[in-house]
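Chemist: Listed below, chain by chain, are the residues.
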Amino acid sequence: MKPMPIHRRQTTTQIFAVPLLLAILSIVGLVSALVGDGAWDGLSWIALGIPIVLCGYFLLKRS
Amino acid sequence: MAIVSGIVVYEPSMRKLKFGTYRRDRLRVVRWLDVHNLTGIVLVMWMLVVGFTGVINTWAELVIKVWQFGQLAEMTAQYKDKSLPANPGSIESAVQVAIRAEPAMKPAFVAFPGTIFSSKSHYAVFMRGNTPLTAKLLKPALSDAETGVMTDSRELPWYVATLLISQPLHFGDYGGMPLKIIWAILDIITIAVLITGLYLWLRRKSGLSVERVVVDASAADHRPVYTS
Numbered sequence: 001m002k003p004m005p006i007h008r009r010q011t012t013t014q015i016f017a018v019p020l021l022l023a024i025l026s027i028v029g030l031v032s033a034l035v036g037d038g039a040w041d042g043l044s045w046i047a048l049g050i051p052i053v054l055c056g057y058f059l060l061k062r063s
Numbered sequence: 001m002a003i004v005s006g007i008v009v010y011e012p013s014m015r016k017l018k019f020g021t022y023r024r025d026r027l028r029v030v031r032w033l034d035v036h037n038l039t040g041i042v043l044v045m046w047m048l049v050v051g052f053t054g055v056i057n058t059w060a061e062l063v064i065k066v067w068q069f070g071q072l073a074e075m076t077a078q079y080k081d082k083s084l085p086a087n088p089g090s091i092e093s094a095v096q097v098a099i100r101a102e103p104a105m106k107p108a109f110v111a112f113p114g115t116i117f118s119s120k121s122h123y124a125v126f127m128r129g130n131t132p133l134t135a136k137l138l139k140p141a142l143s144d145a146e147t148g149v150m151t152d153s154r155e156l157p158w159y160v161a162t163l164l165i166s167q168p169l170h171f172g173d174y175g176g177m178p179l180k181i182i183w184a185i186l187d188i189i190t191i192a193v194l195i196t197g198l199y200l201w202l203r204r205k206s207g208l209s210v211e212r213v214v215v216d217a218s219a220a221d222h223r224p225v226y227t228s
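Protein chains in written order, with my numbering: chain A, 1 to 63; chain B, 1 to 228.
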């Protein structure tokens, strides 16, 4: 089965819900490594790594 | 600018598509549009921050000049007509004086008399803090190079602080090796966003716009299907 486009139109809120979440995540990732070392660095790696994983997931998944 | 316009066109383009849609069995334009939309929107905040801090970094020279003629000139006003010290004192003692003044900080570097980060008569010991953030925020302690007496020490003004914070956020060199690797991958994905965007734009100019292709293709999708 191929990824099905939704035929129902989405609202602006729906369109930007995930991007907004990812934007906040990016800010957390960018700032946390500035604030401290150790766990803060780890948080930063996870927060900035998630967008990369998502790109890979959506582009590579066999649907 | 390009990023902001990308966000604006993301909305109409995604009206009928779920987040993360990749139509792998469609024509190249459609696939590249999906790649562009997905990677672009996922990285948008990172690209904005890196882009904006990059712009700030291009002002580095100007910012340092402003500091030099502003705060630094003010801090060393009573020395401004002096020439270079004939018998400069010990750098070590200038560093020790600075450490005594700011026991919670560590010396980052020492600017010699006559260089751009100091006056003609001072050792400027730049002190830094202990977290990655405060390590970037320097505080100069100026010591008279002849007498070894500390004459002034002030926090750097907001515009220099902004520059110093912008540098790690632009270069990504502040969270250990994993962050550098993540940064490199993000850079590569950004290049992919640029290339796909350029391709889509050139394609549009040549009249074979993706809208056209998408409309044709979805018209084909909606053809009634007869099964036997």
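Hints listed in this document are in silico derivations from the structure and should not be mistaken for laboratory results. Wrong hints could be hidden among the right ones.
Claimed, not checked - Computed far set for chain B versus chain A, every beta-carbon distance over 10 Å: (1) Lys16; (2) Gly54; (3) Phe69; (4) Thr151; (5) Ile165; (6) Leu169; (7) Phe171; (8) Gly176; (9) Pro178; (10) Trp183.
As the list claims (entries may be wrong) - Restricting the straight-line Cα-Cα distance to at most 25 Å, the calculated cross-link-like pairs of lysine-lysine (DSS-like) are: (11) Lys61/A with Lys136/B; (12) Lys120/B with Lys80/B; (13) Lys65/B with Lys120/B; (14) Lys65/B with Lys136/B; (15) Lys139/B with Lys120/B; (16) Lys61/A with Lys139/B.
Even glycine gets a Cβ: it sits at the ideal position worked out from N, Cα and C.
Chemist: Look at each hint and say if it fits the structure.
Modeler: We went through each hint and held it up to the structure:
no. : hint                   : result
1   : Lys16                  : 6 Å, violated
2   : Gly54                  : 14 Å, holds
3   : Phe69                  : 29 Å, holds
4   : Thr151                 : 32 Å, holds
5   : Ile165                 : 8 Å, violated
6   : Leu169                 : 6 Å, violated
7   : Phe171                 : 12 Å, holds
8   : Gly176                 : 5 Å, violated
9   : Pro178                 : 5 Å, violated
10  : Trp183                 : 8 Å, violated
11  : Lys61/A with Lys136/B  : 42 Å, violated
12  : Lys120/B with Lys80/B  : 8 Å, holds
13  : Lys65/B with Lys120/B  : 16 Å, holds
14  : Lys65/B with Lys136/B  : 19 Å, holds
15  : Lys139/B with Lys120/B : 19 Å, holds
16  : Lys61/A with Lys139/B  : 51 Å, violated
Checked against the numbered hints listed earlier, the structure breaks hints 1, 5, 6, 8, 9, 10, 11, 16; every other hint is satisfied.
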